[in-house]
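Residue numbers (the working numbering), protein chains in the order written: chain A, 4 to 516; chain B, 4 to 516.
A portion of the hints provided could be inaccurate.
Where chains are identical, the list cannot tell them apart; a pair therefore holds if satisfied intra-copy or between any two copies.
[Claimed, not checked] In silico lysine to aspartate or glutamate, EDC-like type, Cα no more than 16 Å apart, as pairs:
no. : residue 1 : residue 2
1   : Lys29     : Asp443
2   : Lys9      : Glu82
3   : Lys93     : Asp405
4   : Lys71     : Glu485
5   : Lys442    : Glu26
6   : Lys412    : Glu470
7   : Lys442    : Asp25
8   : Lys314    : Asp462
9   : Lys93     : Glu107
10  : Lys7      : Asp79
11  : Lys230    : Asp160
Keep in mind the hints are simulated off the structure, nothing from the lab.
Number of protein chains: 2
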Amino acid sequence: MRFKVKLLGFEAGKKRIIVIDDEPAKVMGIHALDRVIVRKGDRDIVAIVNIARYLPHDTIAVYDEVAKALDLRDGDEVEILPTERPASIKYIRNRMNGVSLSYEEVYEIIKDIVEGRLSDIEIAALVTALHLQGMNIEEAYYFSKAMVETGKTIELDRYPILDKHSLGGVPGDKTTMLVVPIIASLGHTIPKTSSRAITSPAGTADRVEVLCPVDLSVDEIKEVVSKTNGCMVWGGALGLAPADDIIIRVEYPLSLDPFFIPSIMAKKKSVGATHVVLDIPTGRGTKVKTIGEAHLIARSFIEVGKRLGMKVNCAITLGEEPVGYTMGPALEAWEALNTLMGNWTPDLVDKATSVAGVLLEMVGVSNGKAVALEALRSGKAEKKFREIIEAQGGDPNVKPDDIPLGDKKILIRSEMKGPVLWINNSVLAEIAKLAGAPKDKGAGVRLYVKIGDRVKAGDPLFEIYSESEFKLDQALKVLEEEMPFGIGRIEEMMLIDRIPTKREHRRPFILER
Amino acid sequence: MRFKVKLLGFEAGKKRIIVIDDEPAKVMGIHALDRVIVRKGDRDIVAIVNIARYLPHDTIAVYDEVAKALDLRDGDEVEILPTERPASIKYIRNRMNGVSLSYEEVYEIIKDIVEGRLSDIEIAALVTALHLQGMNIEEAYYFSKAMVETGKTIELDRYPILDKHSLGGVPGDKTTMLVVPIIASLGHTIPKTSSRAITSPAGTADRVEVLCPVDLSVDEIKEVVSKTNGCMVWGGALGLAPADDIIIRVEYPLSLDPFFIPSIMAKKKSVGATHVVLDIPTGRGTKVKTIGEAHLIARSFIEVGKRLGMKVNCAITLGEEPVGYTMGPALEAWEALNTLMGNWTPDLVDKATSVAGVLLEMVGVSNGKAVALEALRSGKAEKKFREIIEAQGGDPNVKPDDIPLGDKKILIRSEMKGPVLWINNSVLAEIAKLAGAPKDKGAGVRLYVKIGDRVKAGDPLFEIYSESEFKLDQALKVLEEEMPFGIGRIEEMMLIDRIPTKREHRRPFILER
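Using the sequences provided together with the hints, build the complete structure.
Below, the structure written as structure tokens:
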């Protein structure tokens, strides 16, 4: 059947979707979410059908992905033809019924996801089934491999290629900004791609972007690495393992993450990594709650890595409180730069040199941590950091004071006396986000105390930074409901929370603008 | 944040969706499929966000459901505010993790589905989880009840109210067109609502529509029933248990149906049924493959019915071949009318009087089947049928020859000799659909033989009816791949299929236009 094209003028989000009125759909026997062939001249694509009412019967509305694929203009004529469901739907159904999938079947599924041939519903069914039934090692390997093969890769023609990744969940974790220059300054190659924040106040790409551009092309990345041995770029637009981004979009509203092993391993393999250290922060608020669980996950990553031809070591790290004293892009870039320049944040240095040390020992260096620490202490790492910033297009002479921080601030002081017993990461992250992070680079939270510090009434606890008074007030409201710190004598602080909530602690804060 | 409205001019399909460009979405910290409040003046609704690229940053595109709810026009200004995820998402997550749901939680989920607050992804996760983990009796009751309470109901102020439903899967099943007039002619109330075909060549609403309108309002239905005791109408636009239609839309691409008990029971409860007979066709090609399985399903329906205050009996029926000799709306209406007028199709009469008989005995009539048969034989049922047709707006004097059948025909004769051993329902249904059914009312298939009949070479097997030569040819192509009949000596016909397919039977057909 022939239709006129109406361009919607925007994208559907990596899916090829057309909209047909329900009357012609009925005539053609097409249902919502069926697939059809869209033909213009001698070019064909497969698109997913949305059924609408009140569209003219001779018109289909098309999203940009379809318009682009067929080079369509308003009023163009296209032919719509029925087509069979992709075989990948059958494979998803089989997987739901407990049939194990061959590599060819996994590849078909991932290919159809990348090419926009599976609807959100079908991807959600796959995600749900894998969440409920678990993904085994073989499948994790298959999905990783298929994600790599359906995307672009960075070919560096070097060996070994080192990389790191953190499972995340700890705010303020600017470890990468130290590990990359340490490793690169010692002559090793580390082409680090990072994500932006999804639900946290800052991702590594957001932090680095305070100092230099991070949105580089594959060719630009190659040039930076050939000059400096390393890079710190945003991986999101490079087309590495693109299936992952689409799957994450479906996982997000469900708060599920069954693909987390393939998701990470595919990204690492796509940049050609041969040696990878995986940081597994553990503790309340992180993804991995216990050390036992961390060991199980570590085994899986190591095994999948082996099958993909990558050597993986895992570092189980402490995730009970933020890393360092800052959360939010600019504050974290400021802290990382300070630390590289010798004004050390002790836990950040310990974590970064430990992680770098593991990586160094994986490629044959003895006493990795000591070597890493020396690279930091000697200023080699700072020098390398500035080289990388310059190669990516930033100012190599940047000083911490040059970094603009939010100028609307509130300092929160303690009303209590005693040791800091616990810190609630997610409350601090929430405050930083309401203050404007990660979009407002200068927004965030700066801590003045960490677990184990002793405070007395009047001592500063933390400071909220924002670029807007309104957002600062929003952030402040969190404190009416939630406490980011537990301070006091342990024998009076054993109750962390009660359900349903009924706050009995008195509010231990004094606000100061 | 304030935006200008751009109307898309068509519906999203019972979901409230707005489209925002990714830049302002980032500023607001909104992700794809998050929910937001859309505010115009003092009116608020909750909508699901789609993120697009290339929309003007100050503009949101809205589907008709949102435009209608807020009475929006192109260029109107609206405010977009963040809102929390509905609690129903948490309940879905809990259910996935094995937590049983309270009635209040199930009600929230169903209400949010009806009000368009859950995305396809979240509904797909629920459907998948219930498919994998199974829905227990308590939940089936809860979901049924919630579906009824979130929709419209038909209040007839009569008692008892009889009803029937078939689980389906057998093509040509026009039983309802006999059961309704039989029951109504005996003075009982039977307000039958039916669906149109989703994947079959005809639904009951499609068949009845050949003879009279079926798209009646609730008030019109009440009037028809008050005049005639019965009706045969389309239930799709009445707003009975509307959650069901939305869930079915998500189940369809997954070919899953975990909601089949609530789906049916909610529709029955919504019309006020007190006594329901459920027809469970069993056999290859139907939904229920074995009699043992049918018994288990029957128990579940009876139990859920009891909790909803409905008496349910189940009739397990033979589903190995089509009911009667016709498939396709007009052919089936023609056969039903003929049968009511005394030109009986034996298996159709046996099935209809058996089902009607069960229903009669449920309300205290002895020898139900004999009573039903007498209503048919005496012409009472035909008289009632014509009354109902007239009350719904059709011609009460319609004769079978008045019904227009497709004028493009092909007769298929046997090249083999022997008994008909099996009939493949799904192949026949496929042929009827490719010939144009259910949209082309005159299209379909007419059988000349059924299982157990003996044929010789040259005997007619079946005839394809169509309204278009092109569709007739399409339908014919099925025969190159598939055989709708198994004919011959049982000792040569034991192989039904092989996988992968390699046809070794010679094609046992002669075509005749």
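Structure-based check of each hint:
{"no.": "1", "hint": "Lys29 x Asp443", "in the structure": "between (49 Å within a copy, 10 Å between copies)"}
{"no.": "2", "hint": "Lys9 x Glu82", "in the structure": "within (14 Å within a copy, 28 Å between copies)"}
{"no.": "3", "hint": "Lys93 x Asp405", "in the structure": "neither (57 Å within a copy, 44 Å between copies)"}
{"no.": "4", "hint": "Lys71 x Glu485", "in the structure": "neither (48 Å within a copy, 39 Å between copies)"}
{"no.": "5", "hint": "Lys442 x Glu26", "in the structure": "between (45 Å within a copy, 10 Å between copies)"}
{"no.": "6", "hint": "Lys412 x Glu470", "in the structure": "within (9 Å within a copy, 76 Å between copies)"}
{"no.": "7", "hint": "Lys442 x Asp25", "in the structure": "between (41 Å within a copy, 12 Å between copies)"}
{"no.": "8", "hint": "Lys314 x Asp462", "in the structure": "neither (47 Å within a copy, 72 Å between copies)"}
{"no.": "9", "hint": "Lys93 x Glu107", "in the structure": "within (13 Å within a copy, 35 Å between copies)"}
{"no.": "10", "hint": "Lys7 x Asp79", "in the structure": "within (6 Å within a copy, 28 Å between copies)"}
{"no.": "11", "hint": "Lys230 x Asp160", "in the structure": "within (14 Å within a copy, 85 Å between copies)"}
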